[in-house]
Structure formats: C-alpha cells, structure tokens
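Undergrad: Each chain is listed here by its residues.
Protein chains: 2
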Amino acid sequence: MTTGHVFIAASLDGYIARPDGGLDWLMKQDVDGEDHGYKAFMDSVDGLIMGRATFETVLTFDEWSYDKEVIVMSRSLGPENIPGTLKSKVRLSSQSPAEVMKSLDKEGWRRAYVDGGELVQSFLRDGLIADIILTRIPILLGSGRALFGKISEDIDLVHDETVSYPSGLVTSKYSVSGPRG
Amino acid sequence: MTTGHVFIAASLDGYIARPDGGLDWLMKQDVDGEDHGYKAFMDSVDGLIMGRATFETVLTFDEWSYDKEVIVMSRSLGPENIPGTLKSKVRLSSQSPAEVMKSLDKEGWRRAYVDGGELVQSFLRDGLIADIILTRIPILLGSGRALFGKISEDIDLVHDETVSYPSGLVTSKYSVSGPRG
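Chain order of the listed sequences is A and B. The first sequence begins at 0 in numbering that gives the first Met the number 0 and counts up one residue at a time. The second sequence begins at 0 in numbering that gives the first Met the number 0 and counts up one residue at a time.
A couple of the hints might just be wrong.
Which copy? The list can't say, so a pair holds if one copy fits it or any two copies do.
As the list claims (entries may be wrong) - With a Cα cut of at most 30 Å, we get these calculated BS3-like pairs of lysine-lysine:
#1 Lys172 to Lys27
#2 Lys88 to Lys101
#3 Lys101 to Lys172
#4 Lys172 to Lys38
#5 Lys27 to Lys105
#6 Lys88 to Lys67
Everything labelled a hint here was simulated from the structure, so no lab data went into it.
Build the full structure now, drawing on both the sequences and the hints.
TA: See the structure below:
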C-alpha cells in the first residue's frame with residue numbers, strides 16, 4: 000500500500016506552529032544556502048496529503064509551492080473553498096487515513112508526503128507512516144501546535160541519520176518500526 | 000553567578016518519563032559501550048540540583064550514583080525524608096531557583112547540573128540555564144512527564160554540536176542565548 004512519509008520542522012520543544020498557526024519563529028532562522036533535504040524528499044513522493052489547518056496556512060503564503068497533487072483531508076471544506084487557480088492541483092477527501100491511502104494506492108501512488116501536526120498524529124496512530132524526517136529549530140516556544148500527540152502504545156523508531164547545519168538546524172531521519180508487540 | 004547546565008534524555012516526543020515516572024523505555028535501549036558524554040559532563044559540574052520527583056525516582060534505583068553533592072529543591076520534604084546513608088551527600092533547599100544559585104555561588108560552585116523536568120523548566124524560565132545537552136531516544140511515548148513547559152517568551156538557542164550513536168540515540172548541545180528582546 001502507499002506509504003506515508005513526514006518531512007517537518009519543529010521547535011526544540013516540539014511545536015510546529017504557534018497557537019495561532021504563526022511561523023515567524025521558523026521564518027526568522029538564517030538558513031541561506033542550506034538545503035535540508037526538502038527537494039530530494041519532494042522528488043521522492045507522488046503527492047501530498049495535508050489537513051485543513053495546514054492547507055489554510057499554506058493558502059496565506061504568496062505562492063503555491065507544490066508541483067505535485069495535494070489531497071486536503073477535511074470533512075468541513077467543500078469545492079467552494081478551493082481557489083480557482085488550484086482546482087487542478089488540489090483535491091478534497093473526507094475519507095479516513097487508511098481509506099485515503101487505499102484509494103491513492105489504486106491510483107498508483109507509492110509514497111505520500113503526510114504534512115501537518117494533526118494529520119501526522121492520526122496517520123501515525125493508524126500505522127500509516129513509514130518514516131519521519133524531523134528538523135529541529137534551535138528555539139523554545141513554550142506553547143503552540145504540537146507535532147506529536149497521544150498514542151495508545153509506544154512507537155519504536157529506528158534512527159537512520161542525523162545531519163546538522165551551520166544555521167543550527169538539525170535534521171534527523173527515523174523509520175517507524177511499528178507499535179510494540 | 001553559578002550557571003545551570005542540563006544533561007537529560009527525552010523521547011522524540013519530548014517526555015523524560017512516563018506519567019508514573021517510569022523509565023523502562025529508556026532502560027530498554029541497547030546502548031552497550033556507548034558514552035553519551037555523561038562522565039565528561041559530570042566531571043565538569045560542582046554538584047547537582049534536582050526536584051523532589053527526580054529525587055524520589057533516583058531513590059528507587061539500586062545504587063546512589065552521584066559522587067558530588069546533591070541539592071534537592073523541595074518545600075515538602077524534611078530531613079526525615081533523606082535516608083541515613085545519604086545525609087552527607089544530599090541537602091534540602093526550599094529556596095527559589097535564583098536564591099539557591101546565589102547561595103551555591105557563595106559556596107564556590109561554578110557549574111550546577113540541573114536535573115528533572117519541572118526544575119529544568121523553572122530554571123529556564125528564570126534565565127538560570129546556560130546550556131542543555133539533550134539526548135533523543137528513538138521512541139514515541141504519547142504521554143508522560145514533559146521535558147519542556149510553558150515559558151512567557153521565546154528562548155533562542157545556539158546549536159553547538161550533535162552526535163549520533165549506533166544505538167540510535169542522538170545527543171545535541173544547545174547554549175541558551177536568553178529571552179528575546
């Protein structure tokens with residue numbers, strides 16, 4: 000089946016955004032000239048799956064930066080919420096994580112980029128994430144939208160690789176070895 | 000003044016212990032033969048400051064493993080709570096973080112190991128932590144005692160060094176550059 004892959008940045012205390020979704024703390028990092036593996040990662044996936052909150056944050060950016068198809072998981076959004084210029088690039092799905100992965104598998108997707116905190120959490124809980132590339136930003140925020148959430152049992156990880164950058168960002172790749180037992 | 004230094008392990012989702020204080024997830028890591036810098040760190044400090052919860056966890060271990068003096072920050076414990084064999088090694092303090100650091104400074108302490116989640120949080124909030132050596136354990140727990148907590152403003156960090164080990168543990172050192180503004 001299609002496998003889920005995470006590529007995300009978080010503060011050292013585990014937040015991917017401020018309580019209001021703000022990313023100023025991320026944007027202020029001086030990462031000029033650094034490639035944290037994003038391009039290679041994007042080249043490796045067939046498309047993206049993101050939650051409503053992430054989609055709405057991305058819509059506030061100046062440009063739509065994704066070349067590949069984006070599935071937005073939402074039960075509340077309708078076609079009227081997709082800007083006209085994005086109709087060919089963005090699709091809504093109200094399926095469960097497992098259902099959407101089955102559907103994408105039938106369409107030929109091998110690897111999906113799963114983006115956004117809540118979505119990563121639900122895909123992790125459902126055993127649909129194969130690996131996580133996590134970039135730690137050298138800052139403590141104290142509050143915000145957490146990358147990780149509650150799970151019913153431990154999830155053991157296998158550390159594949161860590162690279163640190165002059166900016167102070169540290170990127171680690173972990174494979175998910177599945178729930179214990 | 001005496002500076003505070005943190006050397007601590009946390010799960011990838013930021014917990015230093017299970018909700019009941021359990022450390023089984025940490026103990027099960029296969030780290031045979033690896034030195035994650037603990038000895039060099041311990042050699043560099045004049046003593047330890049820990050909170051009550053950490054002290055009570057440490058008391059459950061088979062051996063008292065600290066050669067250096069330990070200050071236990073607690074307003075509820077009394078001398079009767081210190082086992083007889085530890086009376087020369089453990090001291091109680093009901094001072095505030097800043098007060099205890101001032102007292103230790105007068106005693107000639109230059110560097111104090113600040114241990115335990117709640118204590119690290121309060122010393123961080125009060126600007127008393129100079130650096131953090133954080134070892135990430137490759138596991139998600141989903142709940143537990145959090146390493147980091149609420150802070151009133153961002154704390155910017157400077158990444159000094161990251162080392163990863165065959166076991167999958169990844170140790171990063173960060174200097175605290177102080178609250179913004």
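Undergrad: Does each hint hold? Answer for all of them.
TA: These are the hints, each one checked on the structure:
1. Lys172 to Lys27: Both: 24 Å inside a chain and 21 Å across chains, each within 30 Å.
2. Lys88 to Lys101: within (20 Å within a copy, 61 Å between copies)
3. Lys101 to Lys172: within (25 Å within a copy, 42 Å between copies)
4. Lys172 to Lys38: both (15 Å within a copy, 28 Å between copies)
5. Lys27 to Lys105: neither (41 Å within a copy, 40 Å between copies)
6. Lys88 to Lys67: within (7 Å within a copy, 62 Å between copies)
Hint 5 from the list above is the single one not met by this structure.
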